[in-house]
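Peer 1: Sequence:
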Amino acid sequence: VPILLKDNIDTLDMPTTAGSMALKNNATGRDSPLVARLRAAGAIILGKTNLSEWANFRSGSSTSGWSGVGGQTKNPHVLDRNPCGSSSGSGSAVAAGLAAAAIGTETDGSIICPSAVAGIVGIKPTVGLVPRTHIVPISSTQDTAGPMALTVADAAMILTVIAGSDAGDPASAEADANKADYIKALDANALQGKRIGVARYLAGYHKGTDAVFEKALEDLKAAGAELVELKEPPGREEMNAAEFTVLLAEFKAGLNAYLATTPDTVKARTLDDLIKFNTDNPAELEFFDQSIFEQAAKAPALSDKAYLDAKATAARLASKDGIDKLVAENNIVAIVAPSGGPAWTTDLVTGDHFLGASYSMAAIAGYPSITVPMGNVRDLPLGLCFFGPKWSEAALIGLAYAYEQKSKALTTPKFLPHSP
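Letter 337 of the sequence shown, counting from 1, is numbered 337 in this note's numbering, and no numbers are missing.
Certain hints may be false.
Quick list of in silico lysine-lysine cross-link-like pairs, BS3-like style, CA-CA up to 30 Å [as the list claims (entries may be wrong)]:
no., residue 1, residue 2
1, Lys320, Lys414
2, Lys207, Lys414
3, Lys325, Lys221
In short, the hints are calculated from the structure, not lab data.
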């Protein structure tokens with residue numbers, strides 16, 4: 001099976017650049033455990049895909065899909081539209097038929113969003129199910145790799161291969177005890193009799209998306225699901241603010257640790273070195289700044305109370321008072337919402353302009369989510385996002401597969417120059 005990898009995942013035979021010219025010579029000579037598992041299962045690693053540089057954690061005004069190494073990734077459905085990110089090339093390549101599947105990574109949205117706007121399936125696993133060893137990091141709390149494919153079955157097959165513990169990643173310690181053969185979860189009747197929470201508070205930002213979402217809800221009901229309207233848990237803004245504090249601190253610590261393991265051909269050994277490299281190389285800063293890098297450089301240590309308090313706040317609001325509470329109080333097995341709005345026009349002058357997102361709470365909690373194609377607006381794909389409790393991948397895959405069989409919403413890219 002030919003598979004592509006996001007270019008922040010180490011491989012024995014290719015450099016790992018994270019999209020930055022500072023890492024163009026980062027030939028680590030090592031396979032990430034997930035890559036070794038793919039090779040052992042017979043996969044052919046075709047190459048690496050472009051990404052939003054540094055997994056979109058360099059600037060607050062960035063353009064998704066752009067990197068100094070790879071330039072601007074396009075959306076194969078409508079070429080002047082954005083591929084989202086940060087797993088931009090992985091999503092576009094799978095949609096365009098360049099490989100059977102790809103591996104992306106996510107801290108918050110970077111598998112779900114590019115999969116949704118590419119019109120494919122993306123699985124963001126529970127943090128720790130897939131080890132992060134030898135992957136350029138952002139957050140030890142939220143980072144994960146996951147499969148991106150045309151179908152739920154293909155994604156489930158790949159997740160089965162790459163899941164499992166690895167001594168190099170303490171977060172994966174419980175993975176062996178919680179992984180499953182996800183192929184066995186593929187059940188066209190999985191929605192029958194299941195109570196599914198509807199997070200309508202994560203919709204309402206775009207009429208076209210809302211109309212497609214309502215059709216998706218009808219498909220869920222027709223497949224036997226019982227839909228339960230949910231009320232939004234309090235604290236979304238507080239949760240997001242706490243998350244950013246956590247990410248800044250963990251990025252600084254994690255990136256410095258990763259850079260310390262790179263070969264001598266990589267001259268930037270710290271985040272401060274990278275900031276100087278970008279300042280000295282105008283091509284890196286041609287379209288947007290490095291404001292997040294600069295904030296992260298001033299972030300507190302991982303022993304600092306401000307970081308620890310923010311980490312506890314984000315975790316509580318996303319998990320205990322968020323997804324866990326919604327599931328328990330409403331007796332539901334999963335939550336659904338639009339993955340996001342349609343792809344926006346790529347704009348290297350003013351940057352991204354996202355339209356809706358449903359993936360953040362699961363990302364911050366470290367819980368699984370899956371996006372499945374649910375339809376289109378003017379040839380721009382939309383995804384339906386399923387998310388749920390920790391280690392609920394098998395259940396979510398079953399629900400997503402059953403919905404996929406009912407909706408049959410997968411569409412082939414037309415490579416239109418612009419939206420009609």
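Peer 1: Work down the list of hints and note, for each, if the structure agrees.
Peer 2: Hint check:
Simply put, Lys320 and Lys414 have alpha-carbon atoms about 43 Å apart, too far for the 30 Å limit, and the pair is violated. Restraint check: the Cα-Cα separation between Lys207 and Lys414 comes to about 23 Å, which is no more than 30 Å; the hinted pair holds. Between Lys325 and Lys221, the direct Cα distance comes to roughly 23 Å. Compliance with the 30 Å bound is thereby established for this hinted pair.
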